[in-house]
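So in our numbering the end of the sequence shown lands on 548, straight run, no missing numbers.
Bear in mind the hints are in silico, worked out from the structure with no lab data behind them. Please note: incorrect hints may appear among the correct ones.
[What the hints assert, rightly or not] Label-pair ranges, simulated between beta-carbon atoms: (1) R382 <-> P170: 42 to 48 Å; (2) T237 <-> A62: 54 to 60 Å; (3) F520 <-> A255: 25 to 31 Å; (4) D466 <-> P110: 22 to 28 Å.
Glycine residues also receive a C-beta, built at the ideal position from the N, C-alpha and C atoms.
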Amino acid sequence: MFRRLATVGMLLLAPVWAQLPAPYRAYEQARQAEDARGLERLLEEPGYVQILAARALSRMAASSPSRRLELAERAARFENAASDWLWVGRLREVLGDAPGAAEAYGKALPEPEAEAALVRLAGAGVRRAYAALYAGRAYEALLEALPAEGEAAWRGRALAGLHRYAEALPFYRAWAGSDREGRLALGRLLLVLKRYAEAEAAFRAAGGAEGAYGRGRALEALGRSDAAVRAYLEARTPEALWRATALLERSGRTAEALPRYRELAQGGSKYADDATLRLWVLARRRGDAALEAWAYERLEGGLALLAGKEGPEPPAAEACAAATAAVPGQATVEQLLREGREAWALGEARWWAGRLDPTGAWGIVGVLQRHGLWGASLRLARDLPGLPRHCDWPLRYPRAYPEPVQREAAAFGLEPELLWAVMRVESRFDPEAVSPTGAKGLMQFVAATWDDVARRLGEAPGDPFDPATAVRYGAYYLRSLLDACDRQLVCALTGYNGGPGYTRRALAAVDGDVWDFLRFQPRDEPREYVERVLWAYATYKALAGAAP
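Given the sequences, and given the hints that come with them, work out the whole structure.
Here's what the structure looks like:
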């Protein structure tokens, strides 16, 4: 009896890592024992465990500072985590590499320690610290780090980053006196301050394509449309041509706009699909069958669907039959997930995906999706090459969170494919996503809209990071936008991205014409958003039609 109780006691006292894959058990043993030799042996072990070993060794005093730096950078490059870059920065300082330390600390922002270190380095005369603080949007810290005199460019940029534009103006003027970049920056600041005549002069002094484009913006704001068109055509950048065509159309000079639209349509900029659709619309209005056919043939992506083109063809199941054999790393990833080591499992997945052929890498993506790690799977897939015959589409467009999506789609009269499309574009299925504007969760709600939806649902606001709640709120909001837009999907999607007020104003400005609404929106982002959601929606529907 005593022996049996002793055995049970030993099991209860067994280390929590006893069921881990063998290399990870060895890592835990070596780390707890501070066994440098054991960790060194793991540096050659295939898998993420070598990154863990490198990080642990970099923090042990047994190695020289240069060796510790080498190992720390190995971990930091793989993880790109603030804590790793902080450690790299400290080690670089120990080795006397102040500029390298500033670069590493910059990658660790907005960590307070990194910010303080950069301020200290800047005070010691390391000018690279200024750029690191600015790139990390640590504008207050940059102002603190700058000397009392001089550095007008950095002081101006920091003040502008804090939206203290009037205070920034004298420093931009001083900067403009020293180089062309300063004159361009001054022009852009004057545009923000709505001092358009001064902005035009600054851009004229700067010259070049950027200066011509800036002059066009200033002249357009001054109501001098003809002069603005000339400036835009002088610049000849895609954005300049896009703005020029809008002015030409609005002034009744559509025939002059057509060749510029065609130039954009044949280019590779983000305006190519928009210009092609506009050519198709204008050709139909003018009865130009040849131009209409030319544009229709070239229409691609989500906007092509608006012109009546067929959606994408789904991959043929027989052509994409997956190999039954497990891919390298799969067993380790799954064992780590079973043991509750999700961070390690994701590290293992990333390590193998970077070393396998495309088929194997997509196999690792599939492993994550089978375990419901939708956001992590798409982060892993972001840079992977496509498979032949679009066999990667079911993994690029997964039916994430299937239960809440299908339930809420049915509750609010939506197709689940539409919810998946919006969710994919909004957050790429990351339930903890937070945008620079503060939008949160799978469906990316800002706080005011989230609270308003909760009020309309008659409940206290739920957790925006809870997937089921985010899907329910998103489905309700999308349904309400469709109803307000008389079920016009383009209007509803623009409202979801840009806000209902923005959408109402943009539609009213063109008397409700959806084609002119797409063309003459004041911002590019909602139009690009609509294109991406429409393509994802069509792809999901194609995959649903091909599903057994």
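Here is how each hint holds up against the structure:
1. Under the hint 42 to 48 Å, the C-beta atoms of R382 and P170, about 43 Å apart, fit the expected range.
2. A hinted range of 54 to 60 Å holds for the C-beta pair T237 and A62, which are about 56 Å apart.
3. Checked against the given bound of 25 to 31 Å, the beta carbons of F520 and A255, roughly 18 Å apart, lie outside it.
4. A beta carbon spacing of about 26 Å between D466 and P110 agrees with the range 22 to 28 Å that was offered as a hint.
In this structure, the one hint that does not hold is number 3.
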